[in-house]
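Colleague: Protein chains in written order, with numbering that gives the first Met the number 0: chain A, 0 to 92; chain B, 0 to 92; chain C, 0 to 92; chain D, 0 to 92.
In short, the hints are calculated from the structure, not lab data. Keep in mind that a hint or two might mislead.
[What the hints assert, rightly or not] Cross-link-like lysine to aspartate or glutamate pairs, in silico, EDC-like; alpha carbons within 20 Å at most:
no., chain 1, residue 1, chain 2, residue 2
1, C, 7, D, 6
2, D, 12, C, 57
3, C, 12, C, 77
4, D, 7, C, 57
5, C, 46, C, 18
6, D, 61, A, 57
7, B, 7, B, 57
8, D, 61, D, 6
9, A, 61, D, 77
10, D, 61, C, 36
11, A, 61, A, 32
12, A, 7, B, 57
13, C, 7, D, 32
There are 4 protein chains.
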Amino acid sequence: MLGYTADKDAYLKRLRRIEGQVRGLQRMVENDEYCIDVLTQISAATKALQAVSLGLLDEHLKHCVAQAVAEGGEVAEEKIAEASAAITRLVRS
Amino acid sequence: MLGYTADKDAYLKRLRRIEGQVRGLQRMVENDEYCIDVLTQISAATKALQAVSLGLLDEHLKHCVAQAVAEGGEVAEEKIAEASAAITRLVRS
Amino acid sequence: MLGYTADKDAYLKRLRRIEGQVRGLQRMVENDEYCIDVLTQISAATKALQAVSLGLLDEHLKHCVAQAVAEGGEVAEEKIAEASAAITRLVRS
Amino acid sequence: MLGYTADKDAYLKRLRRIEGQVRGLQRMVENDEYCIDVLTQISAATKALQAVSLGLLDEHLKHCVAQAVAEGGEVAEEKIAEASAAITRLVRS
Chain A
0 MLGYTADKDA YLKRLRRIEG QVRGLQRMVE NDEYCIDVLT QISAATKALQ
50 AVSLGLLDEH LKHCVAQAVA EGGEVAEEKI AEASAAITRL VRS
Chain B
0 MLGYTADKDA YLKRLRRIEG QVRGLQRMVE NDEYCIDVLT QISAATKALQ
50 AVSLGLLDEH LKHCVAQAVA EGGEVAEEKI AEASAAITRL VRS
Chain C
0 MLGYTADKDA YLKRLRRIEG QVRGLQRMVE NDEYCIDVLT QISAATKALQ
50 AVSLGLLDEH LKHCVAQAVA EGGEVAEEKI AEASAAITRL VRS
Chain D
0 MLGYTADKDA YLKRLRRIEG QVRGLQRMVE NDEYCIDVLT QISAATKALQ
50 AVSLGLLDEH LKHCVAQAVA EGGEVAEEKI AEASAAITRL VRS
């Protein structure tokens, strides 16, 4: 079982909302809406995606990483290295 | 005319691709794909949104802000203050 | 005259404070303080640097870019392209 | 023993270098150097701070969080929640 499985519906709901936000951006551009207003909505969609990432990462640490650490040895080291790499990508995106 | 009007189709194409990425994220969660893989795809979608923002901002400076500055006075000051606020939101999202 | 010249003392004061924050980080590491506490202080120093950047960028737009735009032609285009590149670096740092 | 203790000297060296970068920024402002050049150096200092954070976080996961998880129970949950909060601050700074 994955970390996020228990909250799957909530994550799907959030992702559908973000999909709607991106479609909304298309309508704004279609309708020649003011650049700054489009930029404001993009920042909102980016923040929503970021929040999903932080939630998934938290659950990953609690479940997948914790299980691997309990197992110990190379499995644990690899899982932590993998999580650190994901954190780096998230910080730099 | 807005800064991005000349590139409207290109922006719409990029936003439709990002919409597809977000739908792809839903399928990954639907199919219980590994958390790290979902996180990697979210970082890709976030970077794509960020690139759209940077493009719109560049065009906004070239057209809307430049026109206002050429006009001078309060119009110019307001337009630059507005652009700076948008840059701050972008940096902090 | 540069955009920030009028506020030079304020920027120097802020940078000296950030220098002090970084020295403080060294003391924390020297004294084996808890990782999370060190991380919290690094985030504070990073935010302070970011705020200096946003201030300088705002002043740059108001003065250097506005002057170039008033001049028009290639000078204006180069100055806006340069500002956009700086915004991109700031967003991605 | 903290996660970073084994690499303490390396972290101190990096932080001293960042301190030097911030003093360098002061000299640039003192000498009225061009705004964009100052901004470029601030981005470099911000990236250096970020890299220190990512290093500390990786070591924290490997040592402090791993030890707590091996212990299990509330200690583990608290330690992971604390790490997640630090990751959120890092992503949003």
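Colleague: Give a verdict on every hint.
Modeller: Hints, one by one, checked against the model:
1. C:7 <-> D:6: Judged against 20 Å, a Cα distance of about 38 Å means the pair is violated.
2. D:12 <-> C:57: 33 Å, violated
3. C:12 <-> C:77: 31 Å, violated
4. D:7 <-> C:57: Given pair residue 7 of chain D, residue 57 of chain C is violated - Cα atoms ~38 Å apart, limit 20 Å.
5. C:46 <-> C:18: 13 Å, holds
6. D:61 <-> A:57: 16 Å, holds
7. B:7 <-> B:57: Holds. Residue 7 of chain B to residue 57 of chain B sits at ~14 Å (cutoff 20 Å).
8. D:61 <-> D:6: Holds, at roughly 13 Å.
9. A:61 <-> D:77: 10 Å, holds
10. D:61 <-> C:36: 17 Å, holds
11. A:61 <-> A:32: With a Cα-Cα distance of about 43 Å, the restraint between residue 61 of chain A and residue 32 of chain A is violated, given a limit of 20 Å.
12. A:7 <-> B:57: 38 Å, violated
13. C:7 <-> D:32: 11 Å, holds
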